[in-house]
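Participant: The lines below spell out each chain.
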Amino acid sequence: GAMELPPSHFPAARAAAVAVGYLRYLRGGPGRRLELRELRRARRQDIDDVGHKYYLELELEDVLDNDRTVSCTAEVLYHLGSKTSAPDVQVTVQGELRSTEEADKEFYNRIRSLEKELVAENIPDSHGNIPPELEPIHLLAWVASGYVIWQNSTENTKLHLAQVKHVKQVKRSDEDLQFDYVVLLHEMVSQEVLPWEVSVLWHPQRGARVRRCHGPGAAR
Amino acid sequence: LQVDLWQPSSPFHIVEGTVADVRVPQNTTRSLLPYLQQANIQYTILISDLQQAIENQTGMRSHRNRRSLSEYNYEVYHSLEEIEDWMHYLNRTYSDLVHMFSVGKSYEGRPLYVLKLGKRSRPYKKAVWMDCGIHAREWIGPAFCQWFVKEALQTYQTDPDMRKMLTQLYFYIMPVFNVDGYSFSWTNDRFWRKTRSKNMRFHCHGVDANRNWKVKWCDEGASLHPCDDTYCGPFPESEPEVKAVAHFLRKHRKQIKAYLSFHAYAQMLLYPYSYKYATIPNFNCVESAAYNAVNALQSAYGVRYRYGPASSTLYVSSGSSMDWAYKNGIPYAFAFELRDTGHFGFLLPEMLIKPTCTETMLAVKNITLHLLKKCN
Chain A
1 GAMELPPSHF
11 PAARAAAVAV
21 GYLRYLRGGP
31 GRRLELRELR
41 RARRQDIDDV
51 GHKYYLELEL
61 EDVLDNDRTV
71 SCTAEVLYHL
81 GSKTSAPDVQ
91 VTVQGELRST
101 EEADKEFYNR
111 IRSLEKELVA
121 ENIPDSHGNI
131 PPELEPIHLL
141 AWVASGYVIW
151 QNSTENTKLH
161 LAQVKHVKQV
171 KRSDEDLQFD
181 YVVLLHEMVS
191 QEVLPWEVSV
201 LWHPQRGARV
211 RRCHGPGAAR
Chain B
1 LQVDLWQPSS
11 PFHIVEGTVA
21 DVRVPQNTTR
31 SLLPYLQQAN
41 IQYTILISDL
51 QQAIENQTGM
61 RSHRNRRSLS
71 EYNYEVYHSL
81 EEIEDWMHYL
91 NRTYSDLVHM
101 FSVGKSYEGR
111 PLYVLKLGKR
121 SRPYKKAVWM
131 DCGIHAREWI
141 GPAFCQWFVK
151 EALQTYQTDP
161 DMRKMLTQLY
171 FYIMPVFNVD
181 GYSFSWTNDR
191 FWRKTRSKNM
201 RFHCHGVDAN
211 RNWKVKWCDE
221 GASLHPCDDT
231 YCGPFPESEP
241 EVKAVAHFLR
251 KHRKQIKAYL
261 SFHAYAQMLL
271 YPYSYKYATI
281 PNFNCVESAA
291 YNAVNALQSA
301 YGVRYRYGPA
311 SSTLYVSSGS
321 SMDWAYKNGI
331 PYAFAFELRD
341 TGHFGFLLPE
351 MLIKPTCTET
361 MLAVKNITLH
371 LLKKCN
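Chains as they are written, first to last, in full-length UniProt numbering: chain A, 1 to 220; chain B, 1 to 376.
Just chain B, same shape as in the assembly (with noise of 0.2 Å):
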């Protein structure tokens, strides 16, 4: 006869006059019971079906976390299950002010999920574009998407600027752009970047998503080379990832009136252009939108950002999303290189992911409220 002793902690300690534990099979209490009294041993059945107590235990704690905004984490990182139960969740929970769709698939088959926020409250809206993780390992990026759809979730009642922001606009959110590769930067190689699409000649997969917009397409600042990491690809828009936001975004061209774009690490705030040095023509207004956004953002923490054309604050490149989206007609398109500057990189800690959010609200907020201003 086996029994599963779990008080005291060894039999060595079992002694009369002193309480012993044990947990038994349902069906070896035939036998126990009759031989305890048999040798009159007191006992008290304390559980009398273990599975039973465990399943309500673990059952109540899950059914909260999935129906409870603020029962889910926003200060760790989420796999991407996660993140789709995630916002599968809030489709269900606040219908009124979010609607999640797909606009495709990605190379690996899974669904490109955006989520639209903001109240129905009249007919033609404006809207603002923000997408995260177009780099599988920027790991901070999805973290800062997914909080900001919380703080806009949680604070729209009580603070009037997101009120207002989420009255006057819609805001699509992507949370994660690069889903392929951001599965794979969790299974297989945590500083994975790119797409995961093979490539037919070399044994490299994937393309520099940031690299392969129809932009001066695969110039100056990206590799022709299948196993660079800023490989540009066969063609532009190979990608389907980048097809489907591309065709979604040209699709709502006219109602676009920002596109901001997260990724890490620098700690900068970036606009066009990235494929040569030259001024925009808005730049007044972009200039002084990042100004103000960057000042907006260190008075949260002290935290400086640079900011500047991403062509001479960070390097050149070609065929990105950024430049493409300013060259359809956004006239607000920005790109976030997130924190640090290099001490974690990429490895973010998590106890880093709310003061990285925290901070990076503000410059959000201080830009969204600008472009609601008339600027020339």
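Okay, chain A solo, but in the shape it has when bound (with noise of 0.2 Å):
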């Protein structure tokens, strides 16, 4: 069976992390910033010879939607001997979330019409700011570093995005946006900040494609 775990300690936390990460993978874009307001519930289930198995109960905030509330369920299985392979997440958000058709199609025309390709580094800077046209770029790498933040976790550690080091816009000839990232995650057990390569599609219908990434030691 499955045991209660309490959600303010860091094993639960850890979970919904990835779980969040996931998430944004998924869901997340240029016009959409999910955020985790609280972990309402934990549950772990050791299965033998395959991992422990984490159920979450989640309340999430869609940020640009004045921060209305999304209550999602997520499981989150970590593989034993977790090293090798990513872990298993499904979440099931309840209801619907706000549809971003707008702002994707006013970001994807914005940047199809750009004459130079897009290149920028440093988001945020030092002092935390981000300049305004430079926010979608800056949640689409959250949407990409959830990518990499699920497939690199493990019960031991826990990753964000800790900065935009460099970002660069690769022109296509298909329909596909693509950016070439270079993000800075911050690793919170071992305290590491290491810069991870994150090569992404976007499209307003497709949503975003991790197309390709490669960080220190691990690379999937």
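Worth flagging that the hints you see were computed from the coordinates, not collected in a lab. Where hints are given, some of them may not hold.
As the list claims (entries may be wrong) - So the derived list for chain B, only partly shown, Cβ under 8 Å to chain A, looks like this: (1) 314; (2) 342; (3) 348.
Remember, predicted model here, so these are calculated numbers, not experimental data. Think of the CB as a built atom: it goes at the ideal place given N, C-alpha and C, for glycine as much as any other residue.
Put the two chains together into one complex, using the hints given.
Facilitator: Here it is, written out as structure tokens:
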């Protein structure tokens, strides 16, 4: 059976971070910012020869929709010997997220109409500033990082996007936008801040897809 | 003859009947003015000594900054030099409430300054110790320490709680613990964490100043590798900064009733133990203090903090200042992890300094007032 975990303790919090990273990858975008407001409930089941499975009830907020509350349930399975495989994650969102169609289209058209490919660095800068026109690029970095965080988390890690070190748009002949990021990820337990290269495609209807990612030590 | 054209923006716009303003070096006037007279062009000297005019203007402004508590901007991040100047200024200007002193020197030779705050109302007073910036990249920490001092000085006459605090207690505030690291995070690497001590064998610098204390030193949650960000050091108190503060706290251990250390980020209020999963002897008093502090904090803007023992709430770590302070007999030892929970992380924008500090003040005042009451 599954045993109840205190939501304020770190094992549940780490599993929640993986679930949120996964959800950001699937449902985030340049016009949508999802934050974890509260972990309401957590249970853990130890499955012999398989791994540890966490059952979570999460309260998120859709920040750009006036911090509207979004309830979710999630399952995070860390495989035994999890150094070699990503956790299995399932997330169910209760209700509908507000559509970001307009903002997405506007961002898409703005980038497509740029004469020179977009290049930027240090988002946010040392003092936490983000120029407003780069905010969607920042949010897209969180989407791409969500993938990296999901793929590279274990029960002994907690990853966050510390900063976009560098981003370069790569013009494509098809309909997708491509951004090649160098992101700095902060790992809470070891306290290391390490660079990851993530190349991501994005399209208003198709959403985000990570093409390639490469980090120190592990390449997935 | 060359002139610096101040008005209009381009020579193309200079036409008969319009005004043109030019700036020339002093010696050029000897040839320019006769030329204008000869050409029958009217002129007026608007500024006869530009250098002097500029000096008057900027002299006045920095004069104001240096000499006024309310002119120092507490809503921006300040460099180490600015913070030290600020401390010197307070020491001179508020000598009845502030005493600045040094507990030692950093690895790179910088002074380790501490401010002692409080009214000299009675011969023996209990004290609270607060340090910020043990970890270099956590800039909101030093920002809060400065904010606390500002609040204390600005409100102790009008706010009964603050007056009570400064009358009955002394506050030792160390705005920047890790001065070398903090400076390095401004000049070289914004995400630097450790001190800047050199390592003999490896090409890596620095020790995690919150793993270097003599309490279960370098056990779980710390690293023996000099290149790691949680490196515990070659031995406990190897870092001069840690050794200096430990020496001061040991010397004053009977006087100091609370140890507060400010870090970022996670939005947590932590108490011992970090190095093991166990309940502290005075759990009831400490837990209720934390519970009330977190509620007080939340009352400002609704921001939620988690609270509990560090080992189960954040992670297991050994050699931390909080655990050491507790082991040394300081009954209330807390570590704050300030805003946020990861969206900005270490790069908390300056516009969030004020709300973060405002809410944290409520928690600190709450803990302090709790301290003044009896608890068993």
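Participant: Hint by hint, where does the structure go against what was stated? Just the numbers, ascending.
Facilitator: none
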